[in-house]
Amino acid sequence: MNKTKAKLSVLHERKLILPAVVVVAIVTQVPFILTLVLSLFKWMVLRPDLGTKFVFFRNFIRIFSDSNFYTVLLNTFILTIASLTLCMIIGMVFALLLDRNFPGVNIVRTLIIAPFFVMDTAIAVIWKNMILEPTVGFVGYFALWTHTKPIHFLGNYPLLTIIILVVWQWTPFFFLVLLAGLQGISKDFIDVAKVDGANWFQTFIHIKIPLIIRHVEVAIMLGLIFILKVFGLIFATTSGGPGHASTNLPFFVYKTAFWAWDVGEAAALAIITIVFVLFVAMMLFKFLKRRFVEVEL
Amino acid sequence: MIRYSKKIKQSIIIIFIYLLGILYFFPILYTFLTSFKTEANVVPPSIFFIPTLESYSIVLKSKIWPYVENSVIVTTVTALLALVMGIPASYNLVFSKIKKSQNILFWFISTNLLPPVAIAIPLFLIFNYLNLLDSRVALIIVYTAISIPIVVWMTRSFLVEIPRDILEAASIDGCTKLRTFFYIILPLIKMGITSSALLVIIFTWNDFFFALNLTYVNAQTLPVYMATFMTKQGFFWAQLSAISTICMLPPLILGWISQKALVRGLTMGAVKG
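Here the protein sequences line up with chains A and B, keeping their order.
Note that the numbering used here numbers the first sequence so that position 33 is 33, with each residue one more than the last.
Note that the numbering used here numbers the second sequence so that position 133 is 133, with each residue one more than the last.
Wrong hints could be hidden among the right ones.
Claimed, not checked - Derived lysine-lysine pairs resembling DSS-like cross-links, with alpha carbons at most 25 Å apart:
hint	chain 1	residue 1	chain 2	residue 2
1	B	97	A	15
2	B	190	A	15
3	B	63	A	128
4	B	9	A	194
5	A	187	B	9
6	B	9	A	15
7	B	260	B	190
8	B	260	A	187
9	B	7	A	187
10	A	42	A	255
11	A	15	B	100
12	B	190	B	177
Don't read these hints as lab results, they were simulated from the structure.
Keep in mind that this is a model prediction, so the values were computed, not measured.
Model the full structure from these sequences, guided by the hints.
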């Protein structure tokens with residue numbers, strides 16, 4: 001009999017983990033492998049007469065020679081980098097402003113984190129019909145008050161509109177994580193810096209940032225993963241249009257799969273999306289690691 | 001004199017922060033206010049008006065109920081299943097000597113990094129084959145699988161902190177393993193369980209992607225209703241606001257209640273990882 005086993009009153013049956021592993025594996029891993037397989041086939045659901053054919057990498061070749069794909073790739077890149085940067089900056093400003101004690105600070109924090117809990121489609125519908133609508137929305141009224149022409153956000157700047165919505169939804173998450181970091185800093189560090197004559201900005205750059213670098217990393221990594229998945233916001237505002245102007249990779253896969261019913265090509269696109277996600281995440285991780293070392297030195 | 005001006009400066013900053021908070025919250029506040037107006041009162045926007053429940057009574061008499069029912073059932077069952085499978089799994093990962101438990105943990109987390117589009121097409125085909133498309137069962141299966149890693153990830157950071165002495169003491173006192181699990185371990189990780197359950201509820205309630213792709217009519221949830229309301233019903237701003245409020249309120253309240261636990265769960269899992 002194992003010694004620790006006798007000492008600790010703990011169930012050691014490994015079966016306990018099995019249901020979780022089996023369910024997760026069947027629902028996420030099996031379909032993932034099937035996606036890999038499907039990406040090598042030509043299968044148009046709406047054209048059963050064509051049948052299902054094994055075409056090797058021809059789906060990928062077709063995608064890479066399609067100019068729309070590069071538009072979508074660029075959109076995804078712009079959307080992700082712009083949103084991530086803005087979320088980080090605004091989230092940090094909010095965190096710094098609210099890392100203090102004053103009456104009602106919790107109310108303000110509560111107000112700021114609210115958008116994070118609202119469903120994508122509700123956010124999309126509210127912003128589309130009540131805020132950005134150029135005649136009866138707030139943008140329209142603002143134009144009336146200021147005697148200017150209302151900006152048609154959705155029609156003229158579709159990608160910018162999506163970025164605004166993503167930033168509004170995800171800044172609270174950055175704010176929460178960064179605030180948790182800032183509140184974990186011992187006051188002594190700040191006091192010492194003050195005694196040494198460091199001004200506000202120097203304290204921020206040389207004391208606070210290095211101390212919360214792990215929180216910064218977590219916010220960026222998780223934020224990146226979520227922002228690369230953005231779908232509902234696009235669906236319920238611009239539907240990726242006009243043309244492909246506000247389509248990102250996940251939405252492009254969706255259009256190919258469930259509008260065009262081109263299963264093979266959609267699967268190939270899904271694989272490319274995964275590779276893209278891994279690539280961006282790895283690049284970012286490397287970059288952060290390097291920054292981290294620099295800051296530590 | 002200097003102290004006096006410093007106080008004024010402080011007050012100005014605080015007022016600025018208040019305004020910033022209200023401005024950031026404004027779209028939600030505006031929706032909330034509009035939901036208590038009559039359709040005729042919506043334009044132009046006003047702050048002072050006589051509140052009425054008219055749009056709520058219209059909305060609640062409309063076809064929203066099946067969607068509410070689907071959302072409530074799918075969310076509740078998913079949260080329960082995810083907890084029932086997730087907690088024993090993370091318990092096993094922390095306390096039992098499982099080979100490569102780190103790798104299994106990492107595998108759990110990595111499944112959540114996968115973009116949903118990567119698995120949506122085969123899931124659609126499989127559920128179609130099993131005749132489960134457009135059913136709550138299909139949604140529950142998918143959401144449970146997505147939620148289990150969240151539960152494992154969040155409860156783990158609480159389990160790791162349980163002092164081994166307590167478990168030894170329980171063993172010496174003759175407490176059976178099952179009793180230890182239910183009466184000692186579970187109460188100690190109450191906060192982890194609550195926060196992961198709330199997070200799962202919020203994510204499931206809000207999910208749009210799978211609800212859209214795996215359902216047509218019968219099993220559609222509120223996010224899908226929300227997305228199609230404008231095209232189906234036309235432009236009724238007060239009603240739209242009432243529906244949005246109904247959809248937003250449950251996760252908002254849960255989120256606000258649990259914000260401390262949530263931050264702890266999110267950062268503990270990652271920062272100390």
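Within 25 Å, alpha carbon to alpha carbon, are residue 260 of chain B and residue 190 of chain B?
Holds, because 14 Å separates the two Cα atoms, which is no more than 25 Å.
Between residue 42 of chain A and residue 255 of chain A, is the straight-line Cα distance small enough, at 25 Å or below?
17 Å, holds
So if I understand the rule, the pair passes when the alpha-carbon distance is 25 Å or less; does residue 9 of chain B with residue 15 of chain A pass?
Not OK: residue 9 of chain B and residue 15 of chain A at ~62 Å, beyond 25 Å, violated.
Hinted pair residue 190 of chain B and residue 15 of chain A, Cα distance within 25 Å
23 Å, holds
Can the restraint linking residue 187 of chain A and residue 9 of chain B be considered satisfied, given a maximum Cα separation of 25 Å?
The hint holds at about 22 Å.
Do the alpha carbons of residue 260 of chain B and residue 187 of chain A lie within 25 Å of each other, as the hint requires?
21 Å, holds
Hey, residue 9 of chain B versus residue 194 of chain A, does the alpha-carbon distance stay inside 25 Å?
Holds. Residue 9 of chain B to residue 194 of chain A sits at ~19 Å (cutoff 25 Å).
Are the Cα atoms of residue 15 of chain A and residue 100 of chain B separated by 25 Å or less?
15 Å, holds
Check the hint pairing residue 7 of chain B with residue 187 of chain A against an upper bound of 25 Å on the C-alpha distance.
At roughly 21 Å apart (the allowed maximum being 25 Å), residue 187 of chain A and residue 7 of chain B satisfy the hint.
What's the verdict on residue 63 of chain B and residue 128 of chain A, does the C-alpha distance respect the 25 Å limit or exceed it?
23 Å, holds
Mind checking the alpha carbons of residue 97 of chain B and residue 15 of chain A for me, to see if they're no more than 25 Å apart?
With Cα atoms ~12 Å apart, residue 97 of chain B and residue 15 of chain A stay inside 25 Å; holds.
Run the distance test for residue 190 of chain B versus residue 177 of chain B: straight-line Cα separation, threshold 25 Å.
18 Å, holds
Consistency note: the structure conflicts with earlier hint 6 alone.
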